[in-house]
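Student: This is what each chain is made of:
Protein chains: 2
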Amino acid sequence: VTADLLVVGTGLIGTSVGLALRGQYDVVLDDPDAEAVGVAVARGAGRPWDGGEPFRHCLVAAPPSAVAGVLSGLMRQGATYSHVASVQRTVQADLATAGVPLADVCGSHPMAGKELSGPAAAAGGLFVGRPWVLCPSAETSAGALAAVREVAERCGAEPVVLTAEQHDAAVALVSHLPQVAASAVAAVLDSSGRPLQLAGPGLQDTTRIAASDPVLWVELLRQNAAAVAPLVRQLAEELDVVAGALDELAITPAADPAPVESLLRRGGAGRRRVPRKRGELDRDFVVVPVSVTDEPGQLAGVLVSAAQAGVNVEDVRVEHLPGRPTGVIELLVHPSSREHARAALSQAGWDVVGG
Amino acid sequence: VTADLLVVGTGLIGTSVGLALRGQYDVVLDDPDAEAVGVAVARGAGRPWDGGEPFRHCLVAAPPSAVAGVLSGLMRQGATYSHVASVQRTVQADLATAGVPLADVCGSHPMAGKELSGPAAAAGGLFVGRPWVLCPSAETSAGALAAVREVAERCGAEPVVLTAEQHDAAVALVSHLPQVAASAVAAVLDSSGRPLQLAGPGLQDTTRIAASDPVLWVELLRQNAAAVAPLVRQLAEELDVVAGALDELAITPAADPAPVESLLRRGGAGRRRVPRKRGELDRDFVVVPVSVTDEPGQLAGVLVSAAQAGVNVEDVRVEHLPGRPTGVIELLVHPSSREHARAALSQAGWDVVGG
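Taken in sequence, the protein lines are chains A and B.
Residues in the first sequence are numbered consecutively from 109, following my numbering.
Residues in the second sequence are numbered consecutively from 109, following my numbering.
It is possible that part of the hints are untrue.
Unchecked claim - Covered by chain A, per the in silico footprint, the following chain B stretches (three or more residues, Cβ under 8 Å):
(1) 111-122
(2) 287-301
(3) 345-353
(4) 372-384
(5) 409-415
Claimed, not checked - Pairwise CB distance ranges, derived in the manner of DEER restraints:
(6) A:Pro443 with B:Gln455: 30 to 40 Å
(7) A:Ser444 with B:Gln305: 49 to 59 Å
(8) A:Ile359 with B:Ala206: 14 to 24 Å
(9) A:Glu356 with B:Arg302: 30 to 40 Å
(10) A:Pro361 with B:Thr401: 50 to 60 Å
As the list claims (entries may be wrong) - Here are some chain B residues pointing at chain A (derived, C-beta under 8 Å):
(11) Arg184
(12) Ala204
(13) Thr205
(14) Val208
(15) Ala231
(16) Ala278
(17) Gly310
(18) Ile317
(19) Pro322
(20) Leu329
(21) Arg330
(22) Val400
(23) Thr401
Bear in mind the hints are in silico, worked out from the structure with no lab data behind them.
The beta-carbon is built from N, C-alpha and C at its ideal position, and this holds for glycine as well.
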């Protein structure tokens, strides 16, 4: 029997692909780490590959530097091949050097991930609504492009076709630059040695991706160094100018704050160009906070009361208060529903908090 | 009648304090912007102040540079005074210069906020579980400290007593540095002029606070310039070193990546020192995604099914897919509940997605 898809590499991305395709594709899984294959199989991402069974398409979900080696060992066992490398130019060059038949290969990169890794962190919904970049080379056949496009679409992603150069320039800006920036802010925190108990969501969000795997990221930054270096240098220069202006303001409070103000204003303009987060609050939603005990069913109870009162809850957040037996459930509703929601929930016996 | 509290400044913080104290304190509100007072009153944050009515305690929620002027105009109308300035040393100095009786004043700073401002964005739950720094000066009386501590506690915050110097050094690190960093990353995005359609949560989180009010932030950074400048310079130097290493790696891929790896590793260590976000996923929780139509009651329905099956839902996220009539509800459960939750929800007729 010919499998629909061989996934080589059962980490976060490979296992998530297998999970997303469950019930759609006959997926076989391979990884040099047998334990990782075991976890992915147990999660339901596919069957273990026996090393000989033929396959229609192969997706290599391995680090960029490993892709060419893996693919050249598999050629002639399948029809078409793709990979999910976060950097594309170097992999295209490696494939050409390795003598892989380039017509059968189409690079790709799903723009989804987490700061966590490994098959245990995988999720079948990881790619839903996210861009999945397809990077055909000049040699890539229509069949190879169509095969990886089908995988992307069946995972719920939105395919976007770019050249390898376009892709690498784009990820340098939207992914590699923020990674370096987050790591640098967190490195300053680390070297300060000071307590951080006053930290709030601003610092938490700004440094979240600093938790990413350093081994993986050294490789990504090395592979895309030419595109990332000028952006990091520009960031350093922006900060150096602001540091100089702040030095002057520290001595002379009446000094010119124009460099600081310029950075903040241009930053605001740049932020407005960042696509909205999936599920991000509409600016027009307002919060109805409800204090609850930390027991099963409280969340459902609050939402049932809201539904019974005809309140459309746009989003909900649960805040567990550290070290307390209670939490706050925040319902997000349209402003026109706020007072009705508050009244209905209070009447149903819920502890609606503050204003 | 003597009001319990006069709040001067009905922006985000002042209005949120009024909302949080609703039913606990008789709150009167004042602001040079009559429209802002009107919105705060309409939201239920308090009554308008007539300018003559006496008050027990006054909280000035105005920009730091305005605090001393506001307070010196109010002295002798109330018993004790506080403010919520994000920078404390300069305000203490301003108060001394203005000849305000320092025994009656205790500075404070609730560590809560948003990238949004104004009374419409206020929320009574804003301070729940958050630190609220109390900064008594050497002259502050026990009564003035107790009065602002009571306000903080009644708002649900956790009071933390620090000197003005300790406070300003701490916020330089946990608030002002990440603001400058986020603005600088977003300024690089802006100057690139390139499309950002591949941006994901990493860039979104790293730049979220770049949307903050530039006028407010120029003032905060000016007031705390002495504490912020060396941190911004250190950040610039970290990035300059990495830019240099990336330049070398771009020319010679076999060059030494140690500076890049060091940054990533120290960044990981710094990130581990950041307190966890309220409601942040426990690392041990796993996601059960359910696809639903975008209609009222779906969220409640899913949670009722989960509760009926005895599944303890730790957290929930709602993802509206742009341009689609459906969304994904992600339930976060303990790994031991995953398969039971999936089976129970499927049996109840819900569309449980992928793995």
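Student: Hints first: check each against the structure and report whether it holds.
Tutor: Hint-by-hint comparison with the structure:
1. Note: the segment 111-122 of chain B has 0 residues with beta-carbon separation from chain A under 8 Å; the three-residue rule is not met and the coverage is violated.
2. For the segment 287-301 of chain B, the assignment as covered by chain A holds, since 14 residues bring a beta-carbon within under 8 Å of that chain's beta-carbons and 3 suffice.
3. Chain A is given as covering the segment 345-353 of chain B, and this holds because 6 residues of the stretch bring a CB closer than 8 Å to a CB of that chain, at least three being needed.
4. Coverage of the segment 372-384 of chain B by chain A holds [criterion: at least 3 residues with CB-CB distance below 8 Å; count 13].
5. For the segment 409-415 of chain B, the proposed coverage by chain A is satisfied: 5 residues have a C-beta within less than 8 Å of a C-beta in that chain, meeting the threshold of three.
6. In this structure the hint that Pro443 (chain A) and Gln455 (chain B) lie 30 to 40 Å apart at CB holds, the actual value being about 38 Å.
7. The beta-carbon spacing between Ser444 (chain A) and Gln305 (chain B), approximately 32 Å, falls outside the hinted interval of 49 to 59 Å.
8. A hinted range of 14 to 24 Å for the beta carbons of Ile359 (chain A) and Ala206 (chain B) is consistent with their spacing of about 23 Å.
9. Under the hint 30 to 40 Å, the C-beta atoms of Glu356 (chain A) and Arg302 (chain B), about 33 Å apart, fit the expected range.
10. Under the hint 50 to 60 Å, the C-beta atoms of Pro361 (chain A) and Thr401 (chain B), about 57 Å apart, fit the expected range.
11. Residue-level restraint check for Arg184 (chain B) is violated (minimum Cβ-Cβ distance to chain A is 29 Å; threshold 8 Å).
12. Annotation: interface hint on Ala204 (chain B) violated; nearest CB of chain A at approximately 16 Å, more than 8 Å.
13. Interface restraint check: Thr205 (chain B) against chain A, minimum CB-CB distance 13 Å, threshold 8 Å, status violated.
14. Nearest Cβ of chain A to the Cβ of Val208 (chain B): about 20 Å, over the 8 Å cut. The hint is violated.
15. The interface hint given for Ala231 (chain B) is met, as the beta carbon of that residue sits about 5 Å from the closest beta carbon of chain A, less than 8 Å.
16. The beta carbon of Ala278 (chain B) comes within 5 Å of a beta carbon in chain A, closer than 8 Å, and the hint placing it at the interface holds.
17. The restraint placing Gly310 (chain B) at the interface with chain A holds, with a minimum CB-CB distance near 5 Å, inside the 8 Å limit.
18. A distance limit of 8 Å between C-beta atoms decides the matter here; for Ile317 (chain B) the minimum to chain A is near 5 Å, and the interface restraint holds.
19. Of the supplied interface hints, the one on Pro322 (chain B) holds, with its beta-carbon coming within about 4 Å of a beta-carbon of chain A, less than 8 Å.
20. Below 8 Å, beta-carbon pairs count as interface contacts, and Leu329 (chain B) has one with chain A at about 5 Å; its hint therefore holds.
21. Satisfaction of the interface hint for Arg330 (chain B) is found here, the shortest Cβ-Cβ separation to chain A being roughly 5 Å, below the 8 Å cut-off.
22. The interface hint given for Val400 (chain B) is broken, as the beta carbon of that residue sits about 12 Å from the closest beta carbon of chain A, more than 8 Å.
23. Because the beta carbon of Thr401 (chain B) sits about 13 Å from the nearest beta carbon in chain A, more than 8 Å, this interface hint is broken.
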